[in-house]
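Visitor: Chain by chain, the residues:
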Amino acid sequence: MSLALDILSVLAISAGAFFFLAGTVGLLRFPDALTRLHALTKADNLGLGLVVLGLLPRADGALGALKLIVVWLLVLVAGATVSQLIARVAQRAGPAP
Amino acid sequence: MTIAVTIAWAFDALLAATVLAVALWTIVTRETFAAVVGFVAFGLLVALVWVRLAAPDVAMVEAAIGGGVTGVLLLGAAARLRGVEAATAAEWPGKTLRLVTGALCAAVAAALAATMLLLPDPAPTLAPEAAANLASTGVGNPITGVLMAFRGLDTLLEKVVLVLALIGVWSLAQDSQWGGLPGPQRQAQPDQSLVFLARLLPPVGIVIGVYLLWTGADEPGGAFQGGALLAAMWLLAMMAGLAAPPPVGSRRLRLVLVAGPAVFVAIGLAGFALADAFLAYPQAYAKPLIIVIEIALMLSIAATLALLVAGPPERMPPR
Amino acid sequence: MSETTLFGLGASALVGLGLYGFVIHPEPLRKLLAFNLLVSGVFLLFGVIARRGAAVGMGGDPIPQALVITGIVVAFAGSALAVGLLLRLGQKTGRATLRDVPSPPGDGTTS
Numbered sequence: 001m002s003l004a005l006d007i008l009s010v011l012a013i014s015a016g017a018f019f020f021l022a023g024t025v026g027l028l029r030f031p032d033a034l035t036r037l038h039a040l041t042k043a044d045n046l047g048l049g050l051v052v053l054g055l056l057p058r059a060d061g062a063l064g065a066l067k068l069i070v071v072w073l074l075v076l077v078a079g080a081t082v083s084q085l086i087a088r089v090a091q092r093a094g095p096a097p
Numbered sequence: 001m002t003i004a005v006t007i008a009w010a011f012d013a014l015l016a017a018t019v020l021a022v023a024l025w026t027i028v029t030r031e032t033f034a035a036v037v038g039f040v041a042f043g044l045l046v047a048l049v050w051v052r053l054a055a056p057d058v059a060m061v062e063a064a065i066g067g068g069v070t071g072v073l074l075l076g077a078a079a080r081l082r083g084v085e086a087a088t089a090a091e092w093p094g095k096t097l098r099l100v101t102g103a104l105c106a107a108v109a110a111a112l113a114a115t116m117l118l119l120p121d122p123a124p125t126l127a128p129e130a131a132a133n134l135a136s137t138g139v140g141n142p143i144t145g146v147l148m149a150f151r152g153l154d155t156l157l158e159k160v161v162l163v164l165a166l167i168g169v170w171s172l173a174q175d176s177q178w179g180g181l182p183g184p185q186r187q188a189q190p191d192q193s194l195v196f197l198a199r200l201l202p203p204v205g206i207v208i209g210v211y212l213l214w215t216g217a218d219e220p221g222g223a224f225q226g227g228a229l230l231a232a233m234w235l236l237a238m239m240a241g242l243a244a245p246p247p248v249g250s251r252r253l254r255l256v257l258v259a260g261p262a263v264f265v266a267i268g269l270a271g272f273a274l275a276d277a278f279l280a281y282p283q284a285y286a287k288p289l290i291i292v293i294e295i296a297l298m299l300s301i302a303a304t305l306a307l308l309v310a311g312p313p314e315r316m317p318p319r
Numbered sequence: 001m002s003e004t005t006l007f008g009l010g011a012s013a014l015v016g017l018g019l020y021g022f023v024i025h026p027e028p029l030r031k032l033l034a035f036n037l038l039v040s041g042v043f044l045l046f047g048v049i050a051r052r053g054a055a056v057g058m059g060g061d062p063i064p065q066a067l068v069i070t071g072i073v074v075a076f077a078g079s080a081l082a083v084g085l086l087l088r089l090g091q092k093t094g095r096a097t098l099r100d101v102p103s104p105p106g107d108g109t110t111s
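Chains as they are written, first to last, in the numbering used here: chain X, 1 to 97; chain D, 1 to 319; chain A, 1 to 111.
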């Protein structure tokens with residue numbers, strides 16, 4: 001049972017790391033601010049969710065697992081708001097020369 | 001277990017290299033705004049380094065204050081100085097001066113590195129003394145014990161330094177605006193997503209901040225971490241226009257600011273009567289006294305940090 | 001090379017880097033940024049020394065760690081005061097420079 005949980009952790013965390021990598025590639029390769037924001041927020045929210053999923057079996061008790069999930073939700077909320085704010089400023093600034 | 005050790009070492013090496021790369025980028029990049037963003041990222045990476053150095057309390061303080069609150073302060077300054085700084089670019093030093101400075105700074109770094117490599121082995125440490133005396137303070141977290149009991153005088157004087165810094169910042173106001181509202185006139189309509197965040201996050205943040213204070217007695221945490229979080233929540237509410245910054249001359253505000261050091265000094269003086277020295281806690285009441293000091297300290301720190309970021313008063317309150 | 005030596009060398013490099021940025025940049029805000037880098041490097045040196053003092057089941061010596069916590073808060077207070085001075089300088093003189101600027105004529109009033 002614990003071996004299956006360990007394999008699940010490794011798979012989930014690796015998948016999460018892959019999504020972080022995809023988000024970073026998107027940040028470096030996309031042409032303008034709005035597309036980069038899209039790449040970052042989608043990849044990082046899903047990436048962080050998978051990492052948290054992989055860490056849940058290793059958390060100490062239900063309270064530890066709840067804290068991990070609260071961390072993920074807070075990052076989701078903060079990331080969504082900040083990307084909205086940046087997008088509004090980028091849109092107002094117009095396309096880059 | 002050498003595989004685990006190798007992986008840990010590789011991670012540490014990668015982390016140190018990334019920290020240095022981000023620091024280098026912060027120094028050489030041309031735009032000030034980009035440099036400040038780089039500095040915020042640097043602060044968060046250094047918090048990771050602190051975790052690797054087995055200091056989770058310091059990691060939390062670095063992430064909250066070193067990365068978070070300092071970042072807000074510097075971003076605001078960069079935005080307000082944008083028009084003014086362009087003229088200074090002409091004062092860049094010439095090539096020889098840069099080379100000489102680089103050589104001297106490299107020499108300083110090399111001297112420090114040599115000291116690091118020549119540190120005595122086994123390392124001298126005060127951990128056994130701290131562990132032996134921790135039981136008498138009633139707390140389980142040795143860092144809280146050091147901050148509140150063993151080196152309580154340092155924490156008290158640091159609180160006083162914070163209040164002095166705030167007085168220094170306030171004294172930069174123009175004479176006609178002494179006692180007014182800190183910070184520039186906010187834009188009339190803050191972005192709706194920011195307002196949403198400022199409605200959603202502060203209740204959660206306050207609960208987590210108080211939790212950090214409470215759990216700091218036995219686990220990593222404490223008054224500084226909780227206070228920084230509360231300050232961030234207040235700043236968020238002020239930035240979204242949901243909470244008006246208080247006028248700097250208001251008595252209630254000044255009472256909250258002074259409460260931390262005042263309670264600390266009062267309990268310290270009571271130590272003369274109840275125990276045998278300044279800031280000595282009587283054995284039976286050590287933990288309750290520490291909790292009382294920490295609560296007052298947290299509120300004071302939260303108010304002081306938020307007001308330090310808000311800045312000197314710049315406009316009078318509407319009558 | 002153990003992890004503490006690695007971070008010790010990294011922190012020394014950070015101190016040198018921060019010092020270089022502090023001397024070179026003419027803009028005061030960039031000097032402040034470099035100064036904060038320098039301060040972070042110094043605190044990391046404290047942290048390395050604390051880590052080497054791990055004993056009796058603790059991960060590190062708690063006294064240097066507590067000193068660093070105090071130091072981080074005081075460094076922030078110093079940065080806040082510096083930013084306040086900088087903004088006031090920008091307001092008064094219209095420039096952000098540490099060189100002497102000839103004051104505009106007729107500026108005898110205090111404001």
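Source of the hints: derived by calculation from the structure; they are not laboratory data.
All residues carry an ideal CB built from backbone N, CA and C; glycine is no exception.
Take these hints with a grain of salt, some might be off.
Unchecked claim - A short, non-exhaustive set of chain A residues, derived as facing chain D with CB atoms under 10 Å: (1) 10; (2) 17; (3) 23; (4) 41; (5) 56; (6) 65; (7) 69; (8) 77; (9) 90; (10) 93.
Visitor: Hint by hint, say whether it matches the structure.
Guide: Results for each hint:
Checking residue 10/A against chain D: minimum C-beta separation of about 4 Å stays under 10 Å; hint holds. Residue-level restraint check for residue 17/A holds (minimum Cβ-Cβ distance to chain D is 5 Å; threshold 10 Å). For residue 23/A, the interface hint holds, the least distance from its beta-carbon to any beta-carbon of chain D being 5 Å, beneath 10 Å. Evaluation of the residue 41/A hint against chain D yields a held restraint, the C-beta minimum of about 8 Å falling below 10 Å.
Hint status for residue 56/A: holds, given a least beta-carbon distance of 5 Å to chain D, under 10 Å. This hint holds: residue 65/A has a C-beta 5 Å from the nearest C-beta of chain D, less than the 10 Å allowed. Hint on residue 69/A holds. Least Cβ distance to chain D is approximately 5 Å, under the 10 Å limit. Among the interface hints, the one on residue 77/A holds; its C-beta lies about 4 Å from the nearest C-beta in chain D, closer than the 10 Å criterion.
About 4 Å separates the beta-carbon of residue 90/A from the nearest beta-carbon of chain D, less than 10 Å, and the hint is met. At a threshold of 10 Å, the smallest CB-CB gap from residue 93/A to chain D is about 9 Å, leaving the interface hint in force.
Hint compliance for this structure: every hint is met.
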